[in-house]
Structure formats: C-alpha cells, structure tokens
Amino acid sequence: MRTVFVIVAREYLQRVRTKSFIISTIAAPILMLALLLIPAWMGARSAISEREIAVLDRTGVLADGVIPRLESAGFRIERIEPGTAAEDSLEIRLEEKDLAGALYLDQASLDRGHVLWRGDEGPSTLRGISIQQAVTGTALTNLLGTTEQGPAIAALLAGGELEIQTLSEDDRDSMDRAAGMAAAFIGAFFLYMVLLIYGTMVLRAVLEEKTGRIAEVMLSSVRPWQLMLGKVMGVGAVGLTQLGVWIGSILLLFGLGIPAMIPFLPEIPMADQINQFLPELGVFAFFVVCFLLGYFLYASLFAAVGAMCSSEEEAQQMQVPVVMLVVVPIVFVMPIIEDPGSTLAVVLSQIPFFAPILMFARVAAGGAAVWEAAISVVGMVLALFATAWVAGRIYRVGILMQGKRPTLPELWRWVREG
Amino acid sequence: MPQAAVRLERVTKEFGSLRAVSELDLEIPSGSIYGLLGPNGSGKTTTIRMIMGILGPDTGKVILFGGDPGETRRRKVGYLPEERGLYKKMKVLEQLIFLARIRGVDGREASDRAKEWLERLGLADRAEKKVEDLSKGMQQKIQFIGTVLHEPELLILDEPFSGLDPINQDLLEQIVKEFHAKGTTILFSTHLMDQAERLCERVCLISRSKKVLDGELRALKRAESDGIVAVDFEGSDRWVHGPEVLRAQPVEGGVRIELHKGADPQPLLERAVAAGARITRFQVVEPRLHEIFVRHAGPGAAADAGTPLLAQN
Chain V
1 MRTVFVIVAR EYLQRVRTKS FIISTIAAPI LMLALLLIPA WMGARSAISE REIAVLDRTG
61 VLADGVIPRL ESAGFRIERI EPGTAAEDSL EIRLEEKDLA GALYLDQASL DRGHVLWRGD
121 EGPSTLRGIS IQQAVTGTAL TNLLGTTEQG PAIAALLAGG ELEIQTLSED DRDSMDRAAG
181 MAAAFIGAFF LYMVLLIYGT MVLRAVLEEK TGRIAEVMLS SVRPWQLMLG KVMGVGAVGL
241 TQLGVWIGSI LLLFGLGIPA MIPFLPEIPM ADQINQFLPE LGVFAFFVVC FLLGYFLYAS
301 LFAAVGAMCS SEEEAQQMQV PVVMLVVVPI VFVMPIIEDP GSTLAVVLSQ IPFFAPILMF
361 ARVAAGGAAV WEAAISVVGM VLALFATAWV AGRIYRVGIL MQGKRPTLPE LWRWVREG
Chain C
419 MPQAAVRLER VTKEFGSLRA VSELDLEIPS GSIYGLLGPN GSGKTTTIRM IMGILGPDTG
479 KVILFGGDPG ETRRRKVGYL PEERGLYKKM KVLEQLIFLA RIRGVDGREA SDRAKEWLER
539 LGLADRAEKK VEDLSKGMQQ KIQFIGTVLH EPELLILDEP FSGLDPINQD LLEQIVKEFH
599 AKGTTILFST HLMDQAERLC ERVCLISRSK KVLDGELRAL KRAESDGIVA VDFEGSDRWV
659 HGPEVLRAQP VEGGVRIELH KGADPQPLLE RAVAAGARIT RFQVVEPRLH EIFVRHAGPG
719 AAADAGTPLL AQN
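Residue numbers (my numbering), protein chains in the order written: chain V, 1 to 418; chain C, 419 to 731.
One chain only, chain V, in its complex shape (with noise of 0.2 Å):
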C-alpha cells in the first residue's frame, strides 16, 4: 500500500503543481462570479447615474398608471403638472441636459399609444418599448375600465393563469420543484463533464507511461493493479480538489458574497430565496457518491483504453465508445429530469454506467425513492468491481504491448489470461 501511496502522491503533486491546473481551478469561479456580479454591477451603477426624465400628462388619468409602470422598469421620473412653471421650464432643462428626456402624453396617447420623447438624444432599444407598454397598458386599462366586460378582458390579455393541482402526496410547492430541476440539470452536467475530464486525464496519464516507456521501468519494481490503481487514485484526488475549490467557492458566494451585495442592490432577490436554489445536504452528499462511484468507473476504463493504444491519435478513436456511455446519458437527462417518474427514467438510471448522472438528476429533481437510488448504488459498486477486473487485465497486458492495437478477440484473451 505504502507503494501505491507513493504513485499517487506522484501523479498528485505533479498536476496540482502544473500552470493549466492552478489557472483552471482558480479561473473558473472567478469567471463565474464575474458573470454574476458584473452586470449586477453594472446595473446598479447605471441607475444611479441615470438621469431623471420627465413626464408631461395633458390627458389628467394616465400619469398615475404611467409613472408607477416606468418607475418598476428602473426610469427615475420627474412629473411636471400642465400649466405650471415647471412646464414652462421644462424646455431650458432639456437643452441644459439636467433632464435625459421627457415624455408628452396627450390625447394621441389615450387614443393610440402615441407617445413624444424629447431629449437631447432617443432613449435606447430597451427602454424605448419599457415606455410604450408603460404607456399602452396604461391607456388599455383606462379604456377596459368604462366598459362592463373590463376586468375580464384585462385578466385575459394578462395570459390567464394556469393552477395545478396534483393528486399524488407530493405537496412541494413549485418554488421547490423548480430548485430540484435547477439541481438536477446542473448536477447531472457537472458530472458529465468532470467525469470526461478526469477520465480523459487517467487515459492520458496511463498513455505517456506506455508511449513513454516508463511502465517497464515502473513494472519491474510495482504490480500492474499498484500502477493503474495509483494513476486512478492520483488524479481522482486532483478532481477532488478542485470540486472542493469550486464547490466551496459556490458556497462561499452564497454565503458571503450575494448577501454583501444585496444593500447596493435592492432589486435583487434576497439571499434566502437565493439559497433555497441550493440543493438539500442529502441531495449534495448523492451528489458525491455519485461523482466517486462514476469516476472509478469510468477511470478503470479509461485507464484500459489508454493501455490498449500506442499513440494519441489512436487514444482519440479508441476512446469513442467510452465516452459515448457518457454521453448517452446526458442526452436523455432532460425528458428524465423533466418526468423523474417516467419507464424511460426508471429503467435508464439504473444502469450502473448511466446511473452516476441519471439517478442523480432523478434524486435531485425528487422523483426517485430512496431504495432506488441504493440498488443503483449497489449496482454501481458490482459494476465497479467488475470493470476494474477486467480493466486491469487489459491494462497488465496492454500496457508493456508496443505497435498494433489489439483486435476483439485478442483482448478477450488477454482479459482471459492476463
């Protein structure tokens, strides 16, 4: 063991210490949290900077229903009453820039939605319908409110509303499902990727020993299972680590960073509604189980693939039917996490080398039972087992086979007689 120990302290060190992995690592939630707070930021800043506009009603009724519409779209409005010395200003602070523009609502506005912006330039694309629906709408409601069928009319032109009722125990409000399904979907892609990445990562590692004729050097002094198991078990680390960065960077931003915001930004949703797209602790630890079952797995393939070949280009085509059992899932997980109940889901998830993604997209998005996800969990332990044994015959044979990749039957014999 004190061998293997030695393996994969190796394969650790050597990655954790390389440029791309510090960069990746450390990267990734930066950018993330750059992508997040930036345009909040951004947001922010520009609303305090924004100048007022004003709003001129000549009609009487529909600066009321106006200037609380524009006022919900982010516009800091100034109303000027008709016939005041404020309107006869108005004209001076435009030209001065005081004012960014102002709005003329008349008759035309009540009768058709026409509307005059003043300024010293147009407002822009966005902001230009905000000021149109602010003012339709308002004038639609106006006009709906003389007649008997208004409110009616109103609710329809609203898009109605759609009320769900189930008939299963199942009482989690929509809020939650919609969490589940964030999770899931999420989840159940992250693992996609990691999986691919790690994976690739031990083929690779298990190649430049072969290609570098490093295994016969290593061969002579450690078992074939030591080596493959030390490369397995290296870089899993390495993925540990950085899942840990990653997902305590997560937590972190939740933590600390959303809630340190919320003061600048009023308009965002507090942090407590902001957590409860945070997956439960059970949910979290499958997670993990999934990713640790899964990564074994699909590694002791990998690991065989990468003993099998002779060059990189011949690791690239090799690898395709290991990376398509990867794939499958992730092509599925939609209508699954979508109808976490359905046959399709069921049957797929318990699947030992589609379960790590599908069952947990599954226990993630509430539709599976516990006892389900533990037969997927022993399934994926035998199929663990059973992959790893193979694999590493292949491997012990493989890996010291220089030249032509083996044919079908010729890896049958090795997994026969290695």
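Warning: the hint list may mix true and false statements.
Straight-line alpha carbon distances no greater than 30 Å define the calculated DSBU-like cross-link-like pairs of lysine-lysine that follow [claimed, not checked]:
1. C/K509 x V/K19
2. C/K595 x V/K19
3. C/K533 x V/K19
4. C/K547 x V/K19
Read the hints as simulated data drawn from the structure, not as lab findings.
Quantities reported herein were computed from a predicted structural model and do not represent experimental measurements.
With chain V fixed as given, assemble chain C onto it according to the hints.
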C-alpha cells in the same frame, strides 16, 4: 559455489503462435558478470522480463534469489530496460527520489544518494531541471542512476551503452566494474560483442529463442579455438580464398581467416607461400566472441536459417 542469483529451469514463453523463449535453462552465479547475448528478436528481453516477474513463464520455473520473483525479491534488483523511459515533465532529482521510493528506499536517504550520484556523473547542476530539457545521453545517465539508487544485489542492464559517447561508455563500464568488485551480480544483455568480451565472465548465447552456448567465456573460447587463423603478410592476397576457408576479414597488417570446422590450416599456408606473399605471422588464435557469435547464431549456423544477424539496433 555460492547460491545462484537467478536460475531458469526449462522456461518457455509464447505470445500467440510466436515462441519467444524455448525450454531455456540458465544459471547466473552470485557475484558474476554474466552476458546474455543474442541477435535482436532472439528472446533476450522476454527472458529478462520473466526474471523480473513482469511476465510469467508458460512452463518452467524462474527462481530469483532462491524463490519466486515476488515484490521483496524484485526490490533487490536494478533493471535498466532497453527502451528507456522517464517522466519527461518531472525534475531530475524528484524523479530519482520517486524511483528509489517505489523500491522501498526512505525519501531522505534517496535524496542523499541521488545527489551523490548526480555529482559523480557530472549532473549535479541539472538536479532541478526537467528531464525533457536534458540531452539523450544525460537522460540515459539519469536512468542508470535510477536503476542503482536502491543499491540492488542484482543489476540487469539491457543494452546499457547504446546512445552513450565513448567517454561516458568508459565511465559506465568503470562503474559496472565497481559494482562487480562490491559483489553485485550483473546481467548484461547486449549484441555489442566487444563490450561483452571485455566485461563478462560468463556468457549465454541465445538464438531463435533457444540457448546455443552457455559457459565461462575463457573456456568457451578455448573450446572454440580451432579454425581461426591470423595472418600478417605483404604482397598478393589471391591465396586467401580456398575450399577450407569459411570467411576472411581484412585487419590491419593482414587478414583474419575463419576456417570450416575441423579444416587443416596447412594448405592455406602452402598456398600463401606459393602465391609469393611475404608472411610475417601465421597463427592459430582464439576466436573473438564476435566470431563465436556469428558461428553459432549466424545465418549458416542452423538449418532453419532466417533470423537476420546483428540486425540494426
């Protein structure tokens, strides 16, 4: 006689339909320098891999230090494979420490020994360099250090001199002799006969997966001594070719003639005198290892000829 470091008993190994090693018996006495000679593809590397326990024999027995080639026994062996391999991205010193540690040497001890060796081979200033930044010859030396760092009792060197310049070849030869003087058993595998002749006490010649000769080098030479004639002469060389001559090789000052087995050198001398050559030396000599090798492993050595001799490295 002390216990043999390595013993092979009727060992056979096949890869599919290819028989790589066939019923090989071998005994490498403790403390000896033993040459495992043979053309490429004759089964040397497979034999070594079986001694190292990397491959298991199909039939027969491999005995290393009196037992199975298990982990503890293999740790007493230093193996320099023909195909050299180091982790290219790793720093030299780290790499050496790693190689020693997987053979059970404590990290600090490994570091001290590695530094001493780097000093000795003139590589002390490269300790923190990555392996890929070193020249081939330097990598070769690093690999050698990695092979001996755990102070093995048996040193297996597969073509150890290939890729080294003459100065470093001499240095390596010197080091090998030192190990021998300390009592380390050394197994050489090579097809460079000059080197083998200089260094080895015993040799085993294998050809086409079978052993053809085995024994003490001096005894072998004596047994094979008939039939090689060294002639120094001036003048015509038309007399060199004749019915008793197997092959002739020009050397400085004359010619080295190999006769057919059992042939009498007398007619050759008579022919030379008759042809008017001025003979300054006519001597029946011990064959060089090279000649023994060619005689037994060359294309004419067996009815089922076919293996190219002394194929390119």
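Hint-by-hint comparison with the structure:
no.: 1; hint: C/K509 x V/K19; verdict: holds, 15 Å
no.: 2; hint: C/K595 x V/K19; verdict: violated, 44 Å
no.: 3; hint: C/K533 x V/K19; verdict: holds, 27 Å
no.: 4; hint: C/K547 x V/K19; verdict: holds, 17 Å
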